[in-house]
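> This is what each chain is made of:
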Amino acid sequence: MSHYYESNDLKRFGQIGKHQKELADKFFDWYGAATNTESALTKREKQLIGLAVAHAIQCPYCIDAFTQSCLETGSDPTQMTEAIHVASAVRGGASLVHGVQFLNSLEKVGA
Amino acid sequence: MELTAINKQSTEDSKHVNRTNEVLPRFNFNRHVKEAGLDLKPLSIETLQINVGKLCNQACLHCHVDAGPKRTEAIDRATAEKVVEVLGMHPEIKTLDITGGAPELSEHFDWIVIEARKLGKHVMVRHNITVQFDGNPVTGESKAYLPKFFAEHQCEVICSLPYYAEYFTDKQRGRGVFQKSMDGLKRLNDVGYGNEGAGLVLNLVYNPVGAFLPASQESLQADYKRELWEKFGIVFNNLYTITNMPIHRFKHDLVRRGGYEEYMTKLVNAFNPIAAEGIMCRTMVSVNYDGTLSDCDFNQMLDMPLEKRVPQSIFDWNAEAVLNRKIVFVDHCFGCTAGAGSSCGGATV
Chain A
0 MSHYYESNDL KRFGQIGKHQ KELADKFFDW YGAATNTESA LTKREKQLIG
50 LAVAHAIQCP YCIDAFTQSC LETGSDPTQM TEAIHVASAV RGGASLVHGV
100 QFLNSLEKVG A
Chain B
0 MELTAINKQS TEDSKHVNRT NEVLPRFNFN RHVKEAGLDL KPLSIETLQI
50 NVGKLCNQAC LHCHVDAGPK RTEAIDRATA EKVVEVLGMH PEIKTLDITG
100 GAPELSEHFD WIVIEARKLG KHVMVRHNIT VQFDGNPVTG ESKAYLPKFF
150 AEHQCEVICS LPYYAEYFTD KQRGRGVFQK SMDGLKRLND VGYGNEGAGL
200 VLNLVYNPVG AFLPASQESL QADYKRELWE KFGIVFNNLY TITNMPIHRF
250 KHDLVRRGGY EEYMTKLVNA FNPIAAEGIM CRTMVSVNYD GTLSDCDFNQ
300 MLDMPLEKRV PQSIFDWNAE AVLNRKIVFV DHCFGCTAGA GSSCGGATV
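Chains as they are written, first to last, in numbering that gives the first Met the number 0: chain A, 0 to 110; chain B, 0 to 348.
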């Protein structure tokens, strides 16, 4: 193993059921139903959410997969970039909003 | 890497040798067809598709024709007349589908349209929208008259628009093409094209800007209709989604990026027997600018005529032989059978 992350490993994801098939099957069924269906949200919208989350959790496999699936459900790079900004803004905001705790700590010591 | 080297490499890539040293197509389309229990014989000759030449005012990234402003291959009058003669001989050929290059740049284009319409044929034109503004890149002749000409002769107009926004469209078709396309589509709308019930049909074509499969035709059409109407006041009838064929300019680009194998694998893995049943070569024949007959425009561009037993030129036309031919399938045919399928009329499923 030369790298912890190998792009070809994504194609082997299905093998995760090798030692526990039942749980893997449940996961892949649920994953497919959640991300790959037209329902209250369109498939295209779900892929954009997936791409955004992939960036928030910084998963290279997910970024690769959701970039493809966003393109194949009709999004363009502008829309995809905006989705990434939403994720980044929420993630940045989550850090910054903790500044209120910092303010509380300052106030507590009278600073 | 030079294009010739890429071409040689990609040709070698696409073949392998079996135990008896017979060179076989690498991805073996015929085996997939057989395993799916399909027998893809011709069903009819409803459409005659003619490629009138390779001259184009653009040089698009995905173009399977390798068309451009410097190409000189063009139909001559004798071939144009033979096409019209064949149309006249066969009432069962309902449609003439004219493509190029930018087909409007052929000096015989207008004549072919007029004569085919006189015969009562449905005429489809693969119209390059920007030619309305650019004109002929060689002679400078204006092509601004085209929307009125199409309307006067009741042509079905089919235009490539890779996306409903600028970035993808200009990336594939060249800088400034999106804005020109919006202007050209408005000119088509102004003469009546695209309005439901008006009888003047304007269809758009989406194809992916890159090595991926098209989105669902239905959902993309809804997006195109909403965006083009809300942002530009443009209407059209149908959107056709077409898969990029791994040949010529697009294949060269794939090979250059190291993505040819991956793209072919994607197409092969997405082989859909239902889409295969609806492939366009079962109901049409393609005519090259010099009269050579092929199963489709893609085979034609690879200099692959009809199978050897069948007359290979329109000057030796034999409808019965053409209808009873064995269609020539090779690796790029996976482009027509992937996912929801792909044809000159969009998805086949």
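I should point out that these hints are in silico values taken from the structure, not numbers from a laboratory.
Take the hints with a grain of salt, since some may be wrong.
Heads up, incomplete: computed chain A residues facing chain B, CB under 10 Å, no partners named [to be verified]:
no.	residue
1	Ala-39
2	Lys-42
3	Arg-43
4	His-54
5	Gln-57
6	Glu-71
7	Gly-73
8	Ser-74
9	Asp-75
10	Gln-78
11	Glu-81
When the alpha-carbon atoms are kept at most 30 Å apart in a straight line, the in silico BS3-like pairs for lysine-lysine are as follows [said to hold, decoys possible]:
no.	chain 1	residue 1	chain 2	residue 2
12	B	Lys-265	B	Lys-40
13	B	Lys-265	A	Lys-10
14	B	Lys-307	B	Lys-325
15	B	Lys-230	B	Lys-265
16	B	Lys-265	A	Lys-20
17	A	Lys-25	A	Lys-42
18	B	Lys-40	A	Lys-42
19	B	Lys-81	A	Lys-17
20	B	Lys-81	B	Lys-307
21	B	Lys-230	B	Lys-93
22	B	Lys-325	A	Lys-42
23	A	Lys-10	B	Lys-33
24	B	Lys-81	B	Lys-93
25	A	Lys-25	A	Lys-10
26	B	Lys-265	A	Lys-25
27	A	Lys-20	A	Lys-42
28	B	Lys-224	B	Lys-69
29	B	Lys-224	A	Lys-42
30	B	Lys-69	A	Lys-42
31	B	Lys-224	B	Lys-179
We put the beta carbon where it would ideally sit given N, CA and C, even for glycine.
> So if I understand the rule, the pair passes when the alpha-carbon distance is 30 Å or less; does B/Lys-307 with B/Lys-325 pass?
10 Å, holds
> The hint names A/Lys-42 as touching chain B; please verify it with the least Cβ-Cβ distance against 10 Å.
8 Å, holds
> Do the numbers back the hint for A/Arg-43, that is, is its least Cβ distance to chain B under 10 Å?
Holds: closest Cβ of chain B sits about 7 Å from A/Arg-43, inside 10 Å.
> Is the Cα-Cα distance between B/Lys-69 and A/Lys-42 30 Å or less?
43 Å, violated
> How about A/Asp-75: closest beta carbon in chain B under 10 Å, or not?
This hint holds: A/Asp-75 lies near chain B, its Cβ roughly 5 Å from the closest one there, short of 10 Å.
> Please work out if B/Lys-81 and B/Lys-93 have their alpha carbons no farther apart than 30 Å.
17 Å, holds
> CA of B/Lys-224 to CA of B/Lys-69, is that 30 Å or under?
35 Å, violated
> Is it true that the CA of A/Lys-20 sits at most 30 Å from the CA of A/Lys-42?
27 Å, holds
> What's the verdict on B/Lys-40 and A/Lys-42, does the C-alpha distance respect the 30 Å limit or exceed it?
36 Å, violated
> Take the shortest C-beta to C-beta distance between A/Ser-74 and chain B; is it under 10 Å?
Check passed: Cβ of A/Ser-74 comes within 8 Å of chain B, closer than 10 Å.
> How about A/Gln-57: closest beta carbon in chain B under 10 Å, or not?
23 Å, violated
> Below or equal to 30 Å on CA atoms is what counts here, so check B/Lys-224 against B/Lys-179.
Holds. B/Lys-224 to B/Lys-179 sits at ~18 Å (cutoff 30 Å).
In the structure shown, a violation is registered for the earlier hints numbered 1, 4, 5, 11, 15, 18, 19, 21, 22, 28, 30, in ascending order.
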